[in-house]
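Student: The residues making up each chain are set out below.
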Amino acid sequence: MADAALWIMVVILAVVIVVLLALLKRVLKAATSIPPKIDAIAGVAAAASKDLDAVAVLLTTQGYIKSIRASVLNYGGSLDAALPDY
Amino acid sequence: MEIQVAIIILLVAVIIATLAIFLAATILQLFKINAGLSVVLPLVGQIVAKTNPVNPVVDDINAQLVVTRDALENLMLKKAGPDSAGLVESLFPGEGTKFLRRVGRSGKVVNVGTVYTRGVGILAGLGRGAPIGVAHTKGPAVRDPRYSTTEAAKLYPAPPDRRDPTQNIPKAPVIGNDPVHSPYEAALTPGTRTRDAQGNKIEAPPPEPAPAPTGKIEVAPSSSAEGSAAPTQPDQPSRPGRMSAKGTRPWER
Numbered sequence: 858m859a860d861a862a863l864w865i866m867v868v869i870l871a872v873v874i875v876v877l878l879a880l881l882k883r884v885l886k887a888a889t890s891i892p893p894k895i896d897a898i899a900g901v902a903a904a905a906s907k908d909l910d911a912v913a914v915l916l917t918t919q920g921y922i923k924s925i926r927a928s929v930l931n932y933g934g935s936l937d938a939a940l941p942d943y
Numbered sequence: 032m033e034i035q036v037a038i039i040i041l042l043v044a045v046i047i048a049t050l051a052i053f054l055a056a057t058i059l060q061l062f063k064i065n066a067g068l069s070v071v072l073p074l075v076g077q078i079v080a081k082t083n084p085v086n087p088v089v090d091d092i093n094a095q096l097v098v099t100r101d102a103l104e105n106l107m108l109k110k111a112g113p114d115s116a117g118l119v120e121s122l123f124p125g126e127g128t129k130f131l132r133r134v135g136r137s138g139k140v141v142n143v144g145t146v147y148t149r150g151v152g153i154l155a156g157l158g159r160g161a162p163i164g165v166a167h168t169k170g171p172a173v174r175d176p177r178y179s180t181t182e183a184a185k186l187y188p189a190p191p192d193r194r195d196p197t198q199n200i201p202k203a204p205v206i207g208n209d210p211v212h213s214p215y216e217a218a219l220t221p222g223t224r225t226r227d228a229q230g231n232k233i234e235a236p237p238p239e240p241a242p243a244p245t246g247k248i249e250v251a252p253s254s255s256a257e258g259s260a261a262p263t264q265p266d267q268p269s270r271p272g273r274m275s276a277k278g279t280r281p282w283e284r
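Order-wise, the sequence lines are chains A and B. Just so we're aligned, residue 858 is where the first sequence starts under our numbering, counting upward by one. Just so we're aligned, residue 32 is where the second sequence starts under our numbering, counting upward by one.
Keep in mind that a hint or two might mislead.
[What the hints assert, rightly or not] Listed below are several chain A residues computed to face chain B (Cβ distance under 10 angstroms; list not exhaustive):
| id | residue |
| --- | --- |
| 1 | Met858 |
| 2 | Asp860 |
| 3 | Met866 |
| 4 | Val873 |
| 5 | Leu877 |
| 6 | Leu881 |
| 7 | Val884 |
| 8 | Ala903 |
| 9 | Gln919 |
| 10 | Lys923 |
| 11 | Gly933 |
[Stated by the list, open to error] Now the stretches of chain A that chain B is said to cover, found in silico as 3 or more residues with beta-carbon under 8 angstroms:
| id | region |
| --- | --- |
| 12 | 885-891 |
| 13 | 894-900 |
| 14 | 908-918 |
| 15 | 924-932 |
[Unchecked claim] The list that follows gives simulated cross-link-like pairs (lysine-lysine, DSBU-like), each with its CA atoms no further than 35 angstroms apart:
| id | chain 1 | residue 1 | chain 2 | residue 2 |
| --- | --- | --- | --- | --- |
| 16 | A | Lys882 | B | Lys63 |
| 17 | A | Lys886 | B | Lys63 |
| 18 | B | Lys109 | B | Lys139 |
Read the hints as simulated data drawn from the structure, not as lab findings. Note that the structure is a prediction, hence the values are computed from the model and not measured. Where is the CB? At the ideal position from N, CA and C, for every residue including glycine.
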């Protein structure tokens, strides 16, 4: 009777080892796949950050748009004075 | 010790060793992940910092452009009236309907460019022509057929050489340098009048008499002011080939 219990325990431990190996292998595989992706994200983020350096030019564009708006309104006012109304 | 106990001990040892190996490898990967994230996070922070002022700047630019567009559309409505959408449609197909929707109006958009010629559209825009576009093209004429020439003549009441320069009357439009469909034909006898002012045929041109006194004080050129008794030469047309003598007759000067 005691021998049978011991043999059952041996079988259970063998099954546990197999299951444990499968689970740990999956965890390790998932953990291993993360660093390459992080490296790729780092490269993209660096490039995006460098591209966004041109955002400062938007302030210049904003000034240009304001001056162009003033010029267009001046031209429109001149046309308003030059051409008769409908 | 029994064989079963030995196997159990061995299996437990294998389990512990497996756990240790795999956990160590996982911990190593987690360290790599931590190092990678420490590189990525500052870059993401830079992106956030750099894109932070974009929204207000772009909103301001859009507002400026919308104000400019609205001003131009209002000017278009003021100058072209109901033809505005048609003019926009003729230049930018498909934009006439959008133009009407933006200015809060509705109706059918008549493509001015396909209904009228370009010159007519320009004249209508300048306010010199008939109210083009107010009626359908297949409807009755908008302009008065009897007095349409009178209306045109009011624009140019005098030949260019007799206009009052202070009135600043614009020149008549020129339809090309050599129009193909010109209503005028070249004179066969340029400078010779074959009919008088009443339309009667002149058989032979009589010698031109001395000009009758007009009552005006005329300043003669220096060559004729020396008292020569030679008869005055008849006035030659200044522009050979001119079909109408209106404005060149002595009593019209």
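Student: Quick check: which numbered hints come out false for this structure?
Tutor: 1
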